[in-house]
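Protein chains in written order, with our numbering: chain E, 28 to 315; chain Z, 28 to 315; chain D, 28 to 315; chain F, 28 to 315.
Honestly, the hints are just simulated from the structure, not real lab data.
All C-beta atoms, glycine included, are put in the ideal place defined by N, C-alpha and C.
Treat the hints loosely; a few may be bogus.
[Stated by the list, open to error] The calculated label-pair distances, taken between Cβ atoms and stated as ranges, are:
1. Z:105 x E:232: 39 to 45 Å
2. E:241 x D:99: 42 to 48 Å
3. E:83 x D:213: 30 to 36 Å
[To be verified] Facing chain E, from chain Z, some residues (calculated, C-beta under 8 Å):
4. 68
5. 72
6. 242
7. 262
Protein chains: 4
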Amino acid sequence: MNNLNDTATLLAHCPDAKGIIHAVTDFILSNNGNIIELDEHVDRVDAHFFMRMQWQLTGFEISRERISELFEHQVAKKFGMNWTLQIDSKRPKIAIFVSKYAHCLYDLLSRYESGEWQIEIPLIISNHKKFADLAQRFGIPFHYFPITSSNKLEQEKIQINLLHEHHIDLIVLARYMQILSSQLVNAFPKKIINIHHSSLPAFAGANPYKAAFHRGVKFMGATAHYVTEELDEGPIIAQDVLHITHRDSINDMKRKGKDIEKMVLSKAIWSHLNHNVLVYKNRTVIFE
Amino acid sequence: MNNLNDTATLLAHCPDAKGIIHAVTDFILSNNGNIIELDEHVDRVDAHFFMRMQWQLTGFEISRERISELFEHQVAKKFGMNWTLQIDSKRPKIAIFVSKYAHCLYDLLSRYESGEWQIEIPLIISNHKKFADLAQRFGIPFHYFPITSSNKLEQEKIQINLLHEHHIDLIVLARYMQILSSQLVNAFPKKIINIHHSSLPAFAGANPYKAAFHRGVKFMGATAHYVTEELDEGPIIAQDVLHITHRDSINDMKRKGKDIEKMVLSKAIWSHLNHNVLVYKNRTVIFE
Amino acid sequence: MNNLNDTATLLAHCPDAKGIIHAVTDFILSNNGNIIELDEHVDRVDAHFFMRMQWQLTGFEISRERISELFEHQVAKKFGMNWTLQIDSKRPKIAIFVSKYAHCLYDLLSRYESGEWQIEIPLIISNHKKFADLAQRFGIPFHYFPITSSNKLEQEKIQINLLHEHHIDLIVLARYMQILSSQLVNAFPKKIINIHHSSLPAFAGANPYKAAFHRGVKFMGATAHYVTEELDEGPIIAQDVLHITHRDSINDMKRKGKDIEKMVLSKAIWSHLNHNVLVYKNRTVIFE
Amino acid sequence: MNNLNDTATLLAHCPDAKGIIHAVTDFILSNNGNIIELDEHVDRVDAHFFMRMQWQLTGFEISRERISELFEHQVAKKFGMNWTLQIDSKRPKIAIFVSKYAHCLYDLLSRYESGEWQIEIPLIISNHKKFADLAQRFGIPFHYFPITSSNKLEQEKIQINLLHEHHIDLIVLARYMQILSSQLVNAFPKKIINIHHSSLPAFAGANPYKAAFHRGVKFMGATAHYVTEELDEGPIIAQDVLHITHRDSINDMKRKGKDIEKMVLSKAIWSHLNHNVLVYKNRTVIFE
Numbered sequence: 028m029n030n031l032n033d034t035a036t037l038l039a040h041c042p043d044a045k046g047i048i049h050a051v052t053d054f055i056l057s058n059n060g061n062i063i064e065l066d067e068h069v070d071r072v073d074a075h076f077f078m079r080m081q082w083q084l085t086g087f088e089i090s091r092e093r094i095s096e097l098f099e100h101q102v103a104k105k106f107g108m109n110w111t112l113q114i115d116s117k118r119p120k121i122a123i124f125v126s127k128y129a130h131c132l133y134d135l136l137s138r139y140e141s142g143e144w145q146i147e148i149p150l151i152i153s154n155h156k157k158f159a160d161l162a163q164r165f166g167i168p169f170h171y172f173p174i175t176s177s178n179k180l181e182q183e184k185i186q187i188n189l190l191h192e193h194h195i196d197l198i199v200l201a202r203y204m205q206i207l208s209s210q211l212v213n214a215f216p217k218k219i220i221n222i223h224h225s226s227l228p229a230f231a232g233a234n235p236y237k238a239a240f241h242r243g244v245k246f247m248g249a250t251a252h253y254v255t256e257e258l259d260e261g262p263i264i265a266q267d268v269l270h271i272t273h274r275d276s277i278n279d280m281k282r283k284g285k286d287i288e289k290m291v292l293s294k295a296i297w298s299h300l301n302h303n304v305l306v307y308k309n310r311t312v313i314f315e
Numbered sequence: 028m029n030n031l032n033d034t035a036t037l038l039a040h041c042p043d044a045k046g047i048i049h050a051v052t053d054f055i056l057s058n059n060g061n062i063i064e065l066d067e068h069v070d071r072v073d074a075h076f077f078m079r080m081q082w083q084l085t086g087f088e089i090s091r092e093r094i095s096e097l098f099e100h101q102v103a104k105k106f107g108m109n110w111t112l113q114i115d116s117k118r119p120k121i122a123i124f125v126s127k128y129a130h131c132l133y134d135l136l137s138r139y140e141s142g143e144w145q146i147e148i149p150l151i152i153s154n155h156k157k158f159a160d161l162a163q164r165f166g167i168p169f170h171y172f173p174i175t176s177s178n179k180l181e182q183e184k185i186q187i188n189l190l191h192e193h194h195i196d197l198i199v200l201a202r203y204m205q206i207l208s209s210q211l212v213n214a215f216p217k218k219i220i221n222i223h224h225s226s227l228p229a230f231a232g233a234n235p236y237k238a239a240f241h242r243g244v245k246f247m248g249a250t251a252h253y254v255t256e257e258l259d260e261g262p263i264i265a266q267d268v269l270h271i272t273h274r275d276s277i278n279d280m281k282r283k284g285k286d287i288e289k290m291v292l293s294k295a296i297w298s299h300l301n302h303n304v305l306v307y308k309n310r311t312v313i314f315e
Numbered sequence: 028m029n030n031l032n033d034t035a036t037l038l039a040h041c042p043d044a045k046g047i048i049h050a051v052t053d054f055i056l057s058n059n060g061n062i063i064e065l066d067e068h069v070d071r072v073d074a075h076f077f078m079r080m081q082w083q084l085t086g087f088e089i090s091r092e093r094i095s096e097l098f099e100h101q102v103a104k105k106f107g108m109n110w111t112l113q114i115d116s117k118r119p120k121i122a123i124f125v126s127k128y129a130h131c132l133y134d135l136l137s138r139y140e141s142g143e144w145q146i147e148i149p150l151i152i153s154n155h156k157k158f159a160d161l162a163q164r165f166g167i168p169f170h171y172f173p174i175t176s177s178n179k180l181e182q183e184k185i186q187i188n189l190l191h192e193h194h195i196d197l198i199v200l201a202r203y204m205q206i207l208s209s210q211l212v213n214a215f216p217k218k219i220i221n222i223h224h225s226s227l228p229a230f231a232g233a234n235p236y237k238a239a240f241h242r243g244v245k246f247m248g249a250t251a252h253y254v255t256e257e258l259d260e261g262p263i264i265a266q267d268v269l270h271i272t273h274r275d276s277i278n279d280m281k282r283k284g285k286d287i288e289k290m291v292l293s294k295a296i297w298s299h300l301n302h303n304v305l306v307y308k309n310r311t312v313i314f315e
Numbered sequence: 028m029n030n031l032n033d034t035a036t037l038l039a040h041c042p043d044a045k046g047i048i049h050a051v052t053d054f055i056l057s058n059n060g061n062i063i064e065l066d067e068h069v070d071r072v073d074a075h076f077f078m079r080m081q082w083q084l085t086g087f088e089i090s091r092e093r094i095s096e097l098f099e100h101q102v103a104k105k106f107g108m109n110w111t112l113q114i115d116s117k118r119p120k121i122a123i124f125v126s127k128y129a130h131c132l133y134d135l136l137s138r139y140e141s142g143e144w145q146i147e148i149p150l151i152i153s154n155h156k157k158f159a160d161l162a163q164r165f166g167i168p169f170h171y172f173p174i175t176s177s178n179k180l181e182q183e184k185i186q187i188n189l190l191h192e193h194h195i196d197l198i199v200l201a202r203y204m205q206i207l208s209s210q211l212v213n214a215f216p217k218k219i220i221n222i223h224h225s226s227l228p229a230f231a232g233a234n235p236y237k238a239a240f241h242r243g244v245k246f247m248g249a250t251a252h253y254v255t256e257e258l259d260e261g262p263i264i265a266q267d268v269l270h271i272t273h274r275d276s277i278n279d280m281k282r283k284g285k286d287i288e289k290m291v292l293s294k295a296i297w298s299h300l301n302h303n304v305l306v307y308k309n310r311t312v313i314f315e
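Given these sequences and hints, build the entire structure.
What follows is the structure, given as structure tokens:
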């Protein structure tokens with residue numbers, strides 16, 4: 028986010044082995060690169076290795092175009108690495124999906140407009156017209172897609188085209204009250220973040236606040252996760268919780284819930300945008 | 028806890044109506060009592076009224092023996108109150124059940140011995156011999172009850188008699204690894220507190236840390252609840268949670284879990300001993 | 028907030044004595060009022076009594092105009108009560124002061140516009156022009172008051188008049204980077220809420236994030252308080268904290284700080300608007 | 028803690044430079060070592076590099092006796108590293124200092140006796156006789172050193188000898204109510220951990236709970252830090268906080284404070300024993 032243009036970030040994982048870090052750092056050093064951050068983690072149970080490395084491209088002796096090819100050939104292949112390389116040469120493009128609650132939307136727009144996040148928001152998509160004016164006041168094209176059970180697949184096809192046209196890097200479901208079909212989920216793997224208004228796996232599904240109230244729990248929460256085909260079962264990126272008491276009615280929970288929802292969603296987006304998130308076996312490794 | 032001998036505590040609930048607080052305070056005032064604490068709560072959804080009131084018995088013009096009868100007659104009957112009256116004239120007697128983990132046991136013993144809690148612990152019951160020496164060093168009788176599926180009901184009958192003999196006020200399951208049968212649960216309604224090592228309702232049942240690890244959650248927790256016939260479904264008294272990351276192995280979770288378990292269990296016992304807990308519809312109202 | 032038009036809220040405190048609650052509830056009951064909420068607290072050290080009571084005005088047999096007079100005469104006088112009565116017949120009017128950071132401003136505007144808060148914002152005052160456009164897009168008059176050491180008192184006089192003209196009920200300093208003079212503070216006693224970007228009393232004054240970084244603390248925070256003549260010394264309404272590590276640079280702290288600042292400020296405003304806050308000896312009693 | 032006998036842990040810091048990780052991992056790899064954990068951090072402001080690395084000694088081709096010499100010569104010297112090497116071949120020896128409060132002492136003893144921590148506690152030192160029996164029941168020699176202003180330096184000399192005799196690795200001040208003189212502090216640099224009952228720097232010095240109550244803060248805390256010559260100014264290892272309200276009296280704060288004190292102290296000791304703590308410029312880097 029803060030290093031547009033001159034840094035590269037590598038996210039990689041592979042079976043653990045001797046010499047991985049040495050090989051990776053050797054690749055950078057011998058090409059005159061300067062490592063800014065290196066973070067690694069080993070899952071002892073699975074003997075699996077994870078790492079995130081950032082280095083400066085200024086002075087690096089491999090051209091941007093050839094880094095991937097050479098890294099695969101000289102390092103990754105040897106260790107059977109699963110890896111991605113990100114070069115932050117432009118602002119990531121985010122599409123926001125929203126329905127009838129705007130607390131997350133306002134929060135995202137304010138981070139965008141104030142420059143807290145170096146992003147672009149080329150479009151807002153909604154199954155309601157409610158926030159068309161809000162989008163317009165922030166200068167963002169608003170696309171209204173009414174959804175019914177019979178037109179959903181058709182509408183999603185148009186949405187997918189629209190998202191591709193705008194080269195969308197990340198889709199944020201900011202309390203979007205429609206379940207995405209597989210075609211949309213699979214068109215953007217690990218690129219759709221949803222906010223669920225409970226501390227998953229507790230109270231998955233609809234009406235979590237009501238369920239939490241009736242179970243008499245003393246904590247409520249919110250969960251941001253990548254969307255997968257299984258509803259509310261995707262890899263968790265961020266969670267937060269809030270202490271509640273018997274004095275909190277369901278309305279109080281909804282009100283307080285809005286605040287943790289918007290905070291947790293923003294935290295997850297920040298982690299994603301900074302290439303801090305690795306997904307492995309439906310869990311996340313968050314480097315930060 | 029701090030007011031042995033001269034205070035009475037009323038816990039009451041009933042359908043909401045005009046004049047309840049007025050009637051209750053009138054009962055105290057007109058008998059020259061001095062209210063120390065009064066806390067009330069109304070559940071708007073159910074239109075149900077809850078209250079906790081503490082007053083000084085010194086100078087109160089009704090004798091201890093007659094308070095209940097007169098309160099029922101003059102106040103409670105009129106409003107259809109469900110109520111209990113506690114007069115702290117002696118230290119509550121607690122029985123601790125334990126199996127193979129001692130972190131909660133040590134914590135309870137230290138609060139007892141240091142005088143942090145004004146209680147008596149007449150006995151420790153275990154299905155293992157492991158902590159017999161520890162109990163002895165703290166001067167507490169230790170009763171070993173090996174449990175098998177075939178002898179459980181028989182052993183529990185002996186336990187129940189033992190608990191009655193010692194006039195036990197509260198049973199604490201301090202990581203007791205046996206499911207109590209209905210006969211034991213029903214012999215001590217709302218008098219058995221269990222600590223479950225997850226933030227219920229998430230990860231009920233066995234091996235919650237393992238399940239939490241594999242779901243990749245970012246928070247783990249502990250829950251203290253009254254034991255009812257439904258396993259892990261009783262009214263929740265206290266919960267706490269802890270932030271975890273991908274760096275926490277299942278072993279780390281177990282280690283950190285011990286700390287929240289002992290803290291949450293102690294918090295729930297403190298609330299119970301101070302007559303801060305009302306149960307209604309499998310939820311708790313905690314006055315504090 | 029949720030009960031426009033037909034509820035009254037009493038906030039009262041006085042030296043503790045027998046019969047206060049009885050007398051207050053008698054005043055309501057004998058005039059056919061219906062108490063919705065009653066919360067009381069006694070500070071044992073000072074033997075001081077605090078209460079908050081809300082009741083329905085529908086059916087109440089005293090007209091709105093005469094409640095205060097009769098309550099003072101029939102109840103308050105007897106106990107030496109310090110009290111206020113609020114009747115929510117209209118939306119409270121809030122003036123926002125802001126300088127160069129907008130995160131709190133955006134958050135307040137979104138709560139206002141989405142209807143989460145039933146308020147009016149008749150004006151935004153700033154010592155910079157930066158957010159004139161933002162205010163305009165939300166339809167709120169923006170008043171630019173450049174402040175220098177030599178013109179401050181003069182400018183504040185104009186501000187005070189403006190605030191009075193608009194019948195402002197509450198002034199919110201949403202990261203307003205000017206110290207108010209006594210004349211402005213005293214013109215709105217207990218009606219100015221400031222957000223300070225540390226967990227007071229730690230790191231009062233300027234540059235708290237830098238100071239926190241250099242002290243190597245593991246928690247940072249934010250504090251919302253009523254403004255008094257002593258800088259950063261007013262009664263604390265709300266605080267929150269965030270765990271930080273050595274990995275958090277001063278920039279990370281600033282970024283994360285924005286989030287707790289806006290949350291804590293909103294929490295404090297909510298408490299104030301719901302008449303949940305009593306000030307006593309430079310401390311607050313928060314009923315919620 | 029979990030890796031007695033066959034792991035080595037390196038803690039190192041130096042001015043940032045290219046190739047540090049590469050050089051360090053080269054030292055391990057070329058001697059056939061297997062890295063278990065590697066964590067690094069760069070302080071961007073000071074351009075200072077920090078790392079912690081753990082590797083298996085089984086199969087490592089340098090004998091334990093020669094590792095330090097060769098590492099200094101082949102790696103550390105080149106980068107101007109400040110480093111320590113720990114080989115966990117035996118349980119660390121901890122001396123506990125205590126006065127009149129036992130909550131931390133009980134907690135430490137239970138972790139020791141239950142085997143949660145693989146440590147030895149060769150002695151307990153106190154300026155009161157109060158806990159001699161408790162120490163004895165846990166089988167730990169208890170040394171009573173009454174302290175007055177006139178005998179303090181003399182008594183500390185005897186204590187220092189005693190601590191040296193027992194090869195003490197870490198001194199824990201478990202609510203020890205005496206200020207250590209420079210001679211004792213300097214005899215065990217970065218080897219004395221104290222627990223202070225507030226969230227430093229707020230409420231340093233005596234009576235923090237009273238001060239917190241009177242300031243009306245909404246959070247209280249505890250801080251574990253290395254002891255330096257400046258009272259309450261040493262590098263902070265761990266902190267935690269607790270939300271409080273106006274309902275919490277000073278006694279409630281003391282009671283709740285005991286719980287966070289013992290948790291924070293234990294957390295700091297755990298970090299220290301696992302060689303997770305680096306001190307730099309009176310701040311700590313905590314690898315975990």
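Right, here's what the structure says about each hint:
Under the hint 39 to 45 Å, the C-beta atoms of residue 105 of chain Z and residue 232 of chain E, about 43 Å apart, fit the expected range. Judged by the Cβ atoms, the range 42 to 48 Å given for residue 241 of chain E and residue 99 of chain D holds: they are separated by roughly 44 Å. Judged by the Cβ atoms, the range 30 to 36 Å given for residue 83 of chain E and residue 213 of chain D is violated: they are separated by roughly 55 Å. Taking 8 Å as the C-beta cut-off, the interface hint given for residue 68 of chain Z holds, the closest approach to chain E being about 6 Å.
Annotation: residue 72 of chain Z was flagged as interfacial toward chain E, and the flag holds, the nearest CB pair being 7 Å apart, inside 8 Å. Evaluation of the residue 242 of chain Z hint against chain E yields a held restraint, the C-beta minimum of about 6 Å falling below 8 Å. A distance limit of 8 Å between C-beta atoms decides the matter here; for residue 262 of chain Z the minimum to chain E is near 6 Å, and the interface restraint holds.
Taken one by one, the earlier hints fail for this structure only at number 3.
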